[in-house]
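Undergrad: This is what each chain is made of:
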Amino acid sequence: MSATAVLTQTTTAWPTPLSQTRTVAKLHSVTKSYGQTTALDKFSMELRAGEVVALLGPNGAGKTTAVRLLLGLISPDSGSVRVFGRDPRDADARTRIGAMLQITRVPEMLRVREHIDLFRSYYPNPLPAAEVMRIAKLDGFANQMFGQLSGGQKQRTLFGLAVCGNPDLVFLDEPTVGMDIESRRALWDEIRALSAAGKTVLLTTHYLEEADMLAHRIVVINKGRVVCEGTPSEIKHRVSGRRIRCITQLDPEFLASLPSVTDVQQDREAVVILAEHPERVVREILLRDETLHGLEVSAAALEDAFLALTSDSNPAQA
Amino acid sequence: MATQAIAVSAPRPLTLGYYARIFRKETQYEFVRMLRTRAFSLSVIGFPVMFYLLFGTSNRHNMFARYLMPSYSCMGVVSACLFGIGMGIALERAQGWLELKQASPMPRFAYLAAKTISCAAFALVIVAALVTMGVTLGGVTLTAGEALKLAFVVLAGSIPFTAMGLLIALLVPPNAGPGVINLIYLPMSFASGFWMPVSYLPHWLRIIAPALPTYHLGQIALHIFGYAQSGSMLVHWEALAGFTLLMLGAAWIIFTRSEAKA
Numbered sequence: 001m002s003a004t005a006v007l008t009q010t011t012t013a014w015p016t017p018l019s020q021t022r023t024v025a026k027l028h029s030v031t032k033s034y035g036q037t038t039a040l041d042k043f044s045m046e047l048r049a050g051e052v053v054a055l056l057g058p059n060g061a062g063k064t065t066a067v068r069l070l071l072g073l074i075s076p077d078s079g080s081v082r083v084f085g086r087d088p089r090d091a092d093a094r095t096r097i098g099a100m101l102q103i104t105r106v107p108e109m110l111r112v113r114e115h116i117d118l119f120r121s122y123y124p125n126p127l128p129a130a131e132v133m134r135i136a137k138l139d140g141f142a143n144q145m146f147g148q149l150s151g152g153q154k155q156r157t158l159f160g161l162a163v164c165g166n167p168d169l170v171f172l173d174e175p176t177v178g179m180d181i182e183s184r185r186a187l188w189d190e191i192r193a194l195s196a197a198g199k200t201v202l203l204t205t206h207y208l209e210e211a212d213m214l215a216h217r218i219v220v221i222n223k224g225r226v227v228c229e230g231t232p233s234e235i236k237h238r239v240s241g242r243r244i245r246c247i248t249q250l251d252p253e254f255l256a257s258l259p260s261v262t263d264v265q266q267d268r269e270a271v272v273i274l275a276e277h278p279e280r281v282v283r284e285i286l287l288r289d290e291t292l293h294g295l296e297v298s299a300a301a302l303e304d305a306f307l308a309l310t311s312d313s314n315p316a317q318a
Numbered sequence: 001m002a003t004q005a006i007a008v009s010a011p012r013p014l015t016l017g018y019y020a021r022i023f024r025k026e027t028q029y030e031f032v033r034m035l036r037t038r039a040f041s042l043s044v045i046g047f048p049v050m051f052y053l054l055f056g057t058s059n060r061h062n063m064f065a066r067y068l069m070p071s072y073s074c075m076g077v078v079s080a081c082l083f084g085i086g087m088g089i090a091l092e093r094a095q096g097w098l099e100l101k102q103a104s105p106m107p108r109f110a111y112l113a114a115k116t117i118s119c120a121a122f123a124l125v126i127v128a129a130l131v132t133m134g135v136t137l138g139g140v141t142l143t144a145g146e147a148l149k150l151a152f153v154v155l156a157g158s159i160p161f162t163a164m165g166l167l168i169a170l171l172v173p174p175n176a177g178p179g180v181i182n183l184i185y186l187p188m189s190f191a192s193g194f195w196m197p198v199s200y201l202p203h204w205l206r207i208i209a210p211a212l213p214t215y216h217l218g219q220i221a222l223h224i225f226g227y228a229q230s231g232s233m234l235v236h237w238e239a240l241a242g243f244t245l246l247m248l249g250a251a252w253i254i255f256t257r258s259e260a261k262a
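So the sequence lines, in the order shown, correspond to chains P and U.
Using our numbering, you'd call the opening residue of the first sequence number 1 and step up by one each time.
Using our numbering, you'd call the opening residue of the second sequence number 1 and step up by one each time.
Honestly, the hints are just simulated from the structure, not real lab data.
It is possible that part of the hints are untrue.
Stated by the list, open to error - Only pairs whose alpha carbons sit at most 27 Å apart, straight line, appear in this in silico DSS-like list of lysine-lysine:
no., chain 1, residue 1, chain 2, residue 2
1, P, Lys26, P, Lys137
2, U, Lys25, P, Lys137
3, U, Lys25, U, Lys101
4, P, Lys42, P, Lys26
5, P, Lys26, P, Lys223
6, U, Lys101, P, Lys137
7, U, Lys101, P, Lys26
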C-alpha cells in the first residue's frame with residue numbers, strides 16, 4: 001500500500017488564489033436520499049473562483065452525489081444548489097462547465113478525435129481540437145476507436161471531453177482511476193495548469209495523496225456529512241496517527257486503554273491499533289505479551305484516517 | 001506551461017449557427033456510429049434484404065415480388081427505429097454516457113433528433129435496396145413516383161416507431177432489450193401483413209391487426225402499390241399520429257417521474 005507515501009509527502013505550498021471572494025458554485029444545506037440511504041445530509045460546500053477543491057472520502061461517502069447535484073443531473077430533496085448564481089440546469093450555466101464522470105462505457109465505435117470534435121460543438125467557445133489533444137495527451141491514439149483504448153487512455157479521453165469546451169468550472173469525478181503512475185502525474189500537471197489559468201476545479205478522490213498534491217482546500221466527507229475541511233496541511237495534521245498491526249493475545253479493551261490509542265480494530269487474526277504515539281504503545285505491548293508477533297508500524301492509511309476522524313472521540317464530531 | 005492558451009471565457013449568446021452545428025455534428029456522428037456497429041447495421045439492413053432474396057425473388061412471376069417490397073420496407077423502418085432508439089438509448093443510459101451528455105450544454109432535442117434522423121436514414125437505405133432488388137431480381141415494374149412515395153411513407157413511419165423506441169428505452173433494462181424488442185416486433189410484423197397480405201391471415205389475427213401501429217403503416221405503404229385493404233388512408237394516418245402521441249406521452253410521464261425520483 002502507498003500508505004507510507006501518503007503522509008510523508010511534502011508538497012510545495014500553493015499560492016493562495018487571487019480572487020478568493022467570488023463564489024462560483026454552492027451547495028447549501030443539501031439533503032439527498034435514495035430510498036432508505038441518505039447520500040447527503042445537510043451538506044454545504046462552496047467553490048471559489050480559481051481554486052482546486054478536493055472532495056475526499058471513502059466509497060459511498062456522497063462525493064459523486066455532490067457532483068451530480070452541481071451538474072444538475074439530480075435535484076436535492078431540500079437545500080439549494082447554485083452554479084454561477086444560476087440553477088445548474090440552466091443552459092447558460094452548462095456552457096461554462098466541463099465534467100469528467102465515472103462512466104463504464106462510451107460509444108465504442110467512434111474515434112477519439114470524433115468524440116472530441118462532437119463535444120467541442122456543444123460549446124460556443126471551445127478550445128481548438130489540437131489544443132485539446134495536447135492537454136489531454138491524446139495524440140498517440142486520436143484515430144483509434146474508443147472501444148480499443150486502455151483504461152488510462154479512456155480516462156484521458158474523458159478528461160479531454162471535460163476541458164474541450166474551455167469551461168470555467170471543471171468537475172472531475174475520480175479522474176485518475178485506472179491510470180498508471182505516469183499518466184496520473186501528467187494529469188495532475190494539467191489540473192494544476194487549469195487552476196493556474198483561473199479555472200475552478202472540483203475533484204473527488206479517495207486518494208489522500210492526490211488531494212494533497214492538487215488541492216488548495218480539502219473537504220473530507222463521510223456518510224453524507226462534512227467531517228472536516230481545510231488546507232492539505234491542516235487535514236494531514238489531524239490524521240497524523242500511526243497504525244500498529246500485530247498478532248497478540250492481549251485484550252482489545254486493554255489495548256484501547258493504552259495512552260494515545262484512538263482506535264482498535266480486529267483484522268482477521270491480528271489487531272490494528274491507531275495511536276498518536278506508537279512508540280509508547282509498542283513498548284507497552286511488547287512488555288506484556290511475549291508471544292506477540294507479526295508487528296508492523298505504518299502511517300495511517302486513509303481508511304484509518306477516516307476511522308480516526310469519524311470516531312466518537314474526535315472533537316470535530318462533538 | 002502547457003495550458004497557457006486557456007483563458008477565462010466570457011459567456012457568449014448562443015446563436016442559431018451554434019445550434020445548427022450541434023444538430024449537424026450529432027446527427028453525422030450518430031449515423032457513423034450506427035453504421036460501424038455491425039451488430040446493428042448488418043441485422044437491420046441485412047434481414048429485409050435476405051428475406052427479399054428468399055421470398056421476393058422466388059415469387060418473381062406473381063404479385064408477391066411487388067407486395068413484399070413495401071411491406072419489407074415497413075419492417076425495415078420499424079426494426080431500425082426500435083433497435084436503434086430502443087437499444088441505443090437504453091445502453092447509453094445504463095453506461096452513464098447519457099448522463100455526461102445531459103451535463104453538457106447539448107440540447108436534449110438534438111440528441112433525440114440525431115437518433116431519429118439516423119434511423120430514418122437506415123430506413124431509406126433499406127427502401128433503396130429493396131426497390132433495386134425488386135426491379136432487378138424480382139421483375140417488378142414501378143414508377144419513380146411510386147418509389148418516392150414509398151420513401152416518404154417510410155420516413156414518416158420513423159416518427160411513431162422512434163416514439164415507441166423511446167418508451168422501450170425507458171422501460172426495458174438494456175440486457176433484456178434485444179429479446180423484448182424481438183418479441184414485440186416480430187409478431188407485430190406478421191400480424192400486420194408484412195409477410196403476407198392480412199387477408200391470408202387467420203380470422204382472429206385479422207381482427208387484432210387494426211389495433212397495431214404497424215398495420216396502419218403497412219396499409220399506407222401498400223396503398224401506393226394498390227394492395228391496401230379497402231378504406232380511407234386518412235384513418236391510417238390518424239391512427240399513426242394518435243399512436244405517436246400516446247407513446248411520447250407515456251415516455252414523458254415516465255421520464256419526468258424518474259427524474260423527480262433521481
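Undergrad: Hint by hint, note whether the structure agrees.
TA: Cross-check of the supplied hints:
Simply put, Lys26 (chain P) and Lys137 (chain P) have alpha-carbon atoms about 31 Å apart, too far for the 27 Å limit, and the pair is violated. Straight-line distance between C-alpha atoms of Lys25 (chain U) and Lys137 (chain P) comes to about 23 Å, which keeps the hinted pair within the 27 Å bound. Using a Cα cut-off of 27 Å, the hinted pair Lys25 (chain U) and Lys101 (chain U) holds, with the two alpha carbons roughly 14 Å apart. Restraint check for Lys42 (chain P) and Lys26 (chain P): satisfied, since their Cα atoms lie roughly 13 Å apart, inside the 27 Å limit.
At most 27 Å may separate the alpha-carbon atoms for a hinted pair to count; Lys26 (chain P) and Lys223 (chain P) meet this at roughly 19 Å. Distance check on the hinted pair: Lys101 (chain U) and Lys137 (chain P) sit about 22 Å apart at the alpha-carbon level, within 27 Å; holds. Note on Lys101 (chain U) and Lys26 (chain P): the hinted pairing holds, with a Cα-Cα distance of about 22 Å set against a maximum of 27 Å.
In terms of the numbered hints stated before, the structure departs from hint 1 and from no other.
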